[in-house]
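Please arrange chain B on chain A, whose structure you already have, making use of the hints.
In order, the protein sequences belong to chains A and B.
Residue numbers for the first sequence follow the UniProt record's numbering, so the first one is 1 and each next one is one higher.
Residue numbers for the second sequence follow the UniProt record's numbering, so the first one is 1 and each next one is one higher.
Hints listed in this document are in silico derivations from the structure and should not be mistaken for laboratory results.
Glycine is no exception: its CB is placed at the ideal position from the N, C-alpha and C atoms.
Some clues are possibly wrong.
Not close to chain A: a few residues of chain B, all C-beta gaps over 10 angstroms, as computed [stated by the list, open to error]:
hint, residue
1, P51
2, T69
3, T80
4, D88
5, M102
6, P111
7, G121
8, I137
9, S163
10, I195
11, Q209
12, Q246
Each pair of labels, with its calculated beta carbon distance range [unchecked claim]:
hint, chain 1, residue 1, chain 2, residue 2, range
13, B, S219, A, F46, 53 to 63 angstroms
14, A, S333, B, V72, 18 to 28 angstroms
15, B, R143, A, A40, 51 to 61 angstroms
16, B, R140, A, L447, 47 to 57 angstroms
With a Cα cut of at most 27 angstroms, we get these calculated DSS-like pairs of lysine-lysine [stated by the list, open to error]:
hint, chain 1, residue 1, chain 2, residue 2
17, B, K34, A, K185
18, A, K94, A, K173
19, A, K345, B, K152
20, B, K112, A, K328
21, A, K94, A, K161
22, A, K206, A, K185
23, A, K99, A, K81
24, B, K123, A, K345
25, B, K106, A, K328
26, A, K91, A, K185
27, B, K123, B, K106
28, A, K345, A, K328
29, B, K152, B, K112
30, B, K34, A, K263
31, A, K99, A, K263
32, A, K173, A, K99
33, A, K416, A, K206
34, A, K161, A, K206
Below, each chain spelled out in residue letters.
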Amino acid sequence: MTDATIPAATGATGSLLEPDARTRRRNAAEARFRLYGLIAVGIGLFFLAALMISIFMNGAGAFQQTAYTLPIEFRQDVLDKNGTGDIETIKSVKTFAYKPLIREAILREIYRLDIETPLAGAKVKGFSSDLDNLFSDGAPATLRDMVLSDPGLIGQTVTVKLIASSRVDGYLKGRVSRESIARDKNLDAVHLDLVDELRAAGVVAKGFNLAFITGPDASDARPEQAGMGVAMLGSFFMMLVVLLLSLPIGVAASIYLEEFAPKNRITDLIEVNISNLAAVPSIVFGILGLAVFIQVMHLPQSAPLVGGLVLTLMTLPTIIISTRASLKSVPPSIRDAALGVGASKMQAVFHHVLPLAMPGILTGTIIGLAQALGETAPLLLIGMVGYIASNYPDGVASGFLDPNSAMPAQIFEWAKRADPAFYERAWGGIIILLVFLMTMNIIAILLRRRFERRW
Amino acid sequence: MYDNPLTKRQTLTQEVKFSARGVNVFYGDSHAIKGVDVDIEDKTVTAFIGPSGCGKSTFLRCLNRMNDTIDVCRVEGRITLDGEDIYDPRVDPVQLRARVGMVFQKPNPFPKSIYDNVAYGPKIHGMARSRAELDEIVERALRRGAIWDEVKDRLDAPGTGLSGGQQQRLCIARAVATEPEVLLMDEPCSALDPIATAQVEELIDELRQDYSVVIVTHSMQQAARVSQKTAFFHLGNLVEFGETGQIFTNPRDPRTESYITGRIG
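Isolated chain B (complex conformation):
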């Protein structure tokens, strides 16, 4: 993938998965997201970049309604997944989160065995009728998380005993085990060393075959390496959104240019 020049990168489909219109998010009195419109495409890696506190993580957490758990948080506007408003009162956030998986900044495996970590999601969603079927799902997820070869002999060992990079790949395996349609990643590599980061990035590129991936990152190099689309957030505004190649080589907005050249942020 690294040989693929930025400017020539193509998205696989033009099919829109998530569509956000006029999204405003408030934390109590503070206005964290200001009128964001964005379309996130299927089978595409979309990167959100921007300085700390610009609202990119907040916006990401709106996409699977993780912000619901914060009492003071209020979301306005319309976000649709496959044309359905995810903030419709009839939508159960639990069902939404089964379709929109999430990987967090800090690896957060459950303090259970590796197997149980991955099997938990499929179990609560009733995806397996038998133990054998569950074993299969776990193996598939761990293979997709590119960690199967490292853990296949110690599935009963605690997930918290793995190294940081392995833990993060375990969390990715756990997220894909429930067969989501979209995978949200909130700075998945910020706690990892460069080797683990490279492994996770490679994994993200493979996941793109099946999922729509949205990744929040502080590293512009990472955004440039893994994404096809990039959105630049600044002070709660979506400043610029477009093809990654265009954003990094020919930004239209002076703020984007300042940021990617290191003058603000």
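Okay, chain A solo, but in the shape it has when bound:
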């Protein structure tokens, strides 16, 4: 059949039991390549571990908060001079007036426990403003809120948990030491001695800091009261906007481009542009949002609605690209089969192609959302950063329209404040953000599994 001659065996054939030089070289090359791979994976894992460890070392403290447990006497002569119980009179008593109550309570504890401290000397009895620095500025406000919500407390003595100041908090967490407060005008070594005694007596202790997860941000003077709660709500409303807009728009655009659009120059151009959009720095989307949504359309500044719109622009290319990829990966034989039995193109797409592409679409969407959740730069430009959030939105509409922050913007804000207590909160905020991102990724994986297992 063929004229080709079978080449004669060249060279002596060695034993199979002993690899020849060439085989040895090839095996060595393979072993080297495997080693490089292992080293690369090892380096990656090392940095991941280093990152995780540093985040948890720095941030774990934010989830604990130092508090005093003190019996507070709500004195009638201070809080309700006339004894009428009139709520307006009680409201007229400002936060400042509650400070002496705390002072008295701590002094009573000092005397009861028989603690020797210059802070409770005769010259300052009952009026040491020095003692105030042990407490958060928010502590009197906590008492006032209690009284306003239940005026019946006046005249009683109630045991209350009061937040410590960030310095005392830092001392219990090991962040603040006697050396580091040498130049601190708020706190002296005598304060720390007192705290040591109180701690031994169980008056002051660290506890789980729920307020950090649920509470609003606090001003520069009260880092111990700052929380992520409102920023979380801001992020939630933004993600809602992103999901509701980018999923339908992205999927519709991808289906049209992939299944219906004629293949010509214009669709090629659109395709290239969408791919390029995915690589546009997010701050550019922020400027676009500022120019279009706020300056032209006059939507409210700093609102999650605007943030969501900007992040939608940013997420759309990701969703479109992943949706198109998953539509492409559906074998054409399925489309042929559907068309072959007389389905219209739209029926073929919606009955057969889309369900098969669904896991990919969902994964792409969730990953796009996770990206948007962690995005900070565009939010800086539309004003979703800074000390905004001291109140929870009081409804769905205000959730979308009232000024708010978002989790990454809140972290950025804390990280740039001077007090090291805020620095700790920033790391703690990163932990919360990471928990959200990991949850979303796990959901993406689970959805993928669930949908793929069906057939």
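What follows is chain B alone, placed relative to chain A:
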């Protein structure tokens, strides 16, 4: 059917179903089909044979306008089904494909249950008014696809879980469920083993009672076994078309003779 000598095979009717005149197909710049004239008769198995790339599959896909889905593909000439031009701008290819069913080279069941695979076509064409009626259509189609006995107890099982041969018969059942007039088969047995192939071939012969079947095949033995008419394509030309017996025993064109004797292809 195998006892039936090639030369004595008769077609059941002389009624023309598909009639193609001067059909040219272009993929971009390449000329895939060159001036093909052919008449495909009703209740007849017509086989298209020829070497790879000769255009037989392309021509088959012209008959139910599956080529419409390929952007660069352009069809010229006139193809009529029962005297109506199927490339007339007024023709909706969806309606055409309901009348001209197709079975593909690779079994391609939907990743749904066996029942849903068969019921899909009748459902979208509104052929059943009730669930009971649909059940009946599905059973009839599966019986005609010669797969009913194997799957009747597991209609809810996924169609993709069947063996290759069963999948192909399921696809045939799916194609006949919409009651087409013509069944196009694009190398339906190329992915099947000899036993499954024999089952499908037997099925094709039964389907001939009701349908006009057009089958593209690489296997000349298969063409000889199942068809009454054979068309030989070469390099985009329809070289010879005639009774299967005549093509295989007494080809007029030297190219046909070379091909069936194994010298080209």
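How the hints compare with the structure:
B:P51, annotated as away from the interface, keeps every beta carbon of chain A farther than 10 angstroms; the closest lies near 18 angstroms. Taking the minimum C-beta to C-beta distance to chain A, about 7 angstroms, the non-interface status of B:T69 is violated against the 10 angstroms cut. For B:T80, the condition that its CB be more than 10 angstroms from all CB atoms of chain A holds, with the nearest at approximately 19 angstroms. B:D88, annotated as away from the interface, keeps every beta carbon of chain A farther than 10 angstroms; the closest lies near 18 angstroms.
Against chain A, the non-interface label of B:M102 is violated: not every CB pair exceeds 10 angstroms, the least being about 4 angstroms. For B:P111, the requirement that its beta carbon stay farther than 10 angstroms from each beta carbon of chain A is not met, with the minimum near 4 angstroms. Its beta-carbon lying about 4 angstroms from the closest one in chain A, B:G121 breaks the requirement of being farther than 10 angstroms from that chain. For B:I137, the requirement that its beta carbon stay farther than 10 angstroms from each beta carbon of chain A is met, with the minimum near 13 angstroms.
Distance check on B:S163: its Cβ is at least 16 angstroms (rounded) from any Cβ of chain A, clearing the 10 angstroms threshold; non-interface status holds. For B:I195, the requirement that its beta carbon stay farther than 10 angstroms from each beta carbon of chain A is met, with the minimum near 23 angstroms. Non-interface call for B:Q209 relative to chain A: holds, since the shortest CB-CB distance, roughly 21 angstroms, exceeds 10 angstroms. Residue placement check: B:Q246 keeps its beta carbon more than 10 angstroms from all beta carbons of chain A (closest about 31 angstroms).
Between B:S219 and A:F46 the beta carbon distance is about 60 angstroms. The supplied range of 53 to 63 angstroms therefore holds. Distance hint check for A:S333 and B:V72: the Cβ-Cβ separation is about 20 angstroms, which falls inside the suggested range of 18 to 28 angstroms. Between B:R143 and A:A40 the beta carbon distance is about 59 angstroms. The supplied range of 51 to 61 angstroms therefore holds. Separated by about 39 angstroms at the C-beta atoms, B:R140 and A:L447 break the suggested range of 47 to 57 angstroms.
Under the criterion of a C-alpha separation no larger than 27 angstroms, the hint pairing B:K34 with A:K185 is inconsistent with the structure, at around 97 angstroms. For the proposed pair A:K94 and A:K173, the alpha carbon gap of about 32 angstroms is over 27 angstroms, so the pair is violated. For the hint pairing A:K345 with B:K152, the CA-to-CA distance comes to about 31 angstroms; that exceeds 27 angstroms, so the pair is violated. A hinted pair counts as satisfied when its Cα atoms are at most 27 angstroms apart, and B:K112 with A:K328 qualifies at roughly 20 angstroms.
With a CA separation close to 20 angstroms, the supplied pair A:K94 and A:K161 stays within the 27 angstroms bound. Straight-line distance between C-alpha atoms of A:K206 and A:K185 comes to about 24 angstroms, which keeps the hinted pair within the 27 angstroms bound. Taking the CA atoms of A:K99 and A:K81, the gap is near 16 angstroms; set against the 27 angstroms cutoff, the hint holds. Annotation: proposed proximity of B:K123 to A:K345 holds, straight-line Cα distance about 16 angstroms (limit 27 angstroms).
Of the pairs offered as hints, the one joining B:K106 and A:K328 holds, with about 19 angstroms between alpha carbons and a cut-off of 27 angstroms not exceeded. A threshold of 27 angstroms between alpha carbons decides the hint, and for A:K91 with A:K185 the separation of about 33 angstroms lies outside it, so the pair is violated. As the CA atoms of B:K123 and B:K106 are separated by approximately 24 angstroms, the hinted pair is consistent with the 27 angstroms bound. Between A:K345 and A:K328 the alpha-carbon distance is near 15 angstroms, which keeps this suggested pair within the 27 angstroms criterion.
Proximity of B:K152 to B:K112 is assessed by CA-CA distance (about 16 angstroms); at most 27 angstroms being required, the pair is judged to hold. Pair hint B:K34 plus A:K263 holds up; C-alpha atoms about 26 angstroms apart against a cutoff of 27 angstroms. Taking the CA atoms of A:K99 and A:K263, the gap is near 75 angstroms; set against the 27 angstroms cutoff, the hint is violated. Restraint check for A:K173 and A:K99: satisfied, since their Cα atoms lie roughly 25 angstroms apart, inside the 27 angstroms limit.
For the given pair, A:K416 sits about 26 angstroms from A:K206 by alpha-carbon distance, which is consistent with the 27 angstroms threshold. Of the supplied pair hints, the one linking A:K161 and A:K206 holds, its CA atoms being roughly 11 angstroms apart against a limit of 27 angstroms.
Of the numbered hints listed earlier, those contradicted by the structure are 2, 5, 6, 7, 16, 17, 18, 19, 26, 31.
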